[in-house]
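2 protein chains.
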Amino acid sequence: MIPIVCIVGKSKSGKTTLIEKLIPELKKLGYRVATVKHDTHGFEVDKEGKDSWRHKQAGAKLVMLSSPKKIALIEDVERDSKLEELREWFVKDVDIIITEGYKGSSHPKIEVSRKERHAELLCTRDDNLIAVATDQKFELGVPCFDLNDAKGLASFIEEKFLK
Amino acid sequence: MIPIVCIVGKSKSGKTTLIEKLIPELKKLGYRVATVKHDTHGFEVDKEGKDSWRHKQAGAKLVMLSSPKKIALIEDVERDSKLEELREWFVKDVDIIITEGYKGSSHPKIEVSRKERHAELLCTRDDNLIAVATDQKFELGVPCFDLNDAKGLASFIEEKFLK
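Just so you know, the protein sequences line up as chains A and B, in that order. So for the first sequence, this note's numbering puts the first residue at 1; every next one is plus one. So for the second sequence, this note's numbering puts the first residue at 1; every next one is plus one.
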């Protein structure tokens, strides 16, 4: 079963920035990474006028683009998908799934917190919080990493889920 | 097994346009449609600067975006995927897969041909050609549909693969 680790945090806490640093560190350790971005507002990925966009506009439920280097897919769904469903439906050939968001899931979470933005955390240990990446001090009984210590966090994730 | 029908044709013959007409007709008949666009040159779908784009740039092999209405996925691969693989890996909850391209596959094919562009066809019956959509006359022993007869083609596809 491919492990899932959620990077959570309040708005503008720096989740994407941390994930951007974490991915190369996990790759350096030899792991293939998948990410999931949770977008509760909806999103637009395809470009107007492209053939795949035209297929979708015409009413296709699922549109795939396939090339020798890359596959892309856009699918209509009727409800928010669970991480376990996304893993089952779409994920193969990777070692770990890192999510941005999904604070409501039961998967292990690392919270990002920046003093400049928020003094309090979103999660407690009851939320399956396993670490914090922060420039503040928290006494929670879980490891606190510096916001820039992606290398340390990657080793922590390796130790906990990949060995 | 979800049936696969390939819409093939020479360059600029009108494949996308036909597919755009075919999808709503298949939907009217009650079917859920997936499409695959074969892109041998590679493509760009995500938008620069978006969080998912940043995950991908940072080195994620697979990036997913999930919302209550839509799922999107971009994955790096090392070779061109077969249609059967795409079906197995990604497709569920649809009744038929329509492809744009894949003239080299062994799946049933409908060729689009416009006089204005090309006088000859790409396929013969040996290529598993099952119909032609055209404004020309061809004697091939397979049904010829008018370029605009998406309704007729949808019924033909229904009869052959969905009943």
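I should point out that these hints are in silico values taken from the structure, not numbers from a laboratory. Check before you lean on any hint, since a few could be wrong.
Which copy is meant is left open, so a pair is good if it fits within one copy or across any two.
[To be verified] Straight-line Cα separation of at most 27 Å, DSS-like style, residue types lysine-lysine; simulated pairs:
{"no.": "1", "residue 1": "K28", "residue 2": "K56"}
{"no.": "2", "residue 1": "K47", "residue 2": "K10"}
{"no.": "3", "residue 1": "K115", "residue 2": "K82"}
{"no.": "4", "residue 1": "K115", "residue 2": "K69"}
{"no.": "5", "residue 1": "K50", "residue 2": "K61"}
{"no.": "6", "residue 1": "K103", "residue 2": "K47"}
{"no.": "7", "residue 1": "K61", "residue 2": "K137"}
{"no.": "8", "residue 1": "K69", "residue 2": "K137"}
{"no.": "9", "residue 1": "K163", "residue 2": "K47"}
{"no.": "10", "residue 1": "K61", "residue 2": "K12"}
{"no.": "11", "residue 1": "K115", "residue 2": "K28"}
{"no.": "12", "residue 1": "K69", "residue 2": "K92"}
{"no.": "13", "residue 1": "K47", "residue 2": "K70"}
{"no.": "14", "residue 1": "K82", "residue 2": "K70"}
{"no.": "15", "residue 1": "K21", "residue 2": "K151"}
{"no.": "16", "residue 1": "K151", "residue 2": "K28"}
{"no.": "17", "residue 1": "K50", "residue 2": "K69"}
{"no.": "18", "residue 1": "K47", "residue 2": "K69"}
Okay, the hints, checked on the actual structure:
1. K28 x K56: For K28 and K56, only the inter-copy Cα distance (16 Å) is at most 27 Å; the intra-copy one is 38 Å.
2. K47 x K10: between (30 Å within a copy, 24 Å between copies)
3. K115 x K82: Intra 31 Å, inter 50 Å, cutoff 27 Å: neither.
4. K115 x K69: Answer is neither: 41 Å inside a copy and 34 Å across each miss the 27 Å cutoff.
5. K50 x K61: both (16 Å within a copy, 24 Å between copies)
6. K103 x K47: This pair counts as between: shortest inter-copy Cα distance 25 Å, intra-copy 30 Å.
7. K61 x K137: neither (48 Å within a copy, 34 Å between copies)
8. K69 x K137: Neither. Shortest intra-copy (44 Å) and inter-copy (39 Å) distances fail the 27 Å Cα cut-off.
9. K163 x K47: neither (41 Å within a copy, 35 Å between copies)
10. K61 x K12: For K61 and K12, only the inter-copy Cα distance (25 Å) is at most 27 Å; the intra-copy one is 33 Å.
11. K115 x K28: neither (29 Å within a copy, 55 Å between copies)
12. K69 x K92: Intra 16 Å, inter 23 Å, cutoff 27 Å: intra and inter.
13. K47 x K70: both (16 Å within a copy, 15 Å between copies)
14. K82 x K70: Both: 25 Å inside a copy, 13 Å across copies.
15. K21 x K151: within (8 Å within a copy, 52 Å between copies)
16. K151 x K28: Intra 9 Å, inter 54 Å, cutoff 27 Å: intra-copy only.
17. K50 x K69: both (18 Å within a copy, 21 Å between copies)
18. K47 x K69: both (19 Å within a copy, 18 Å between copies)
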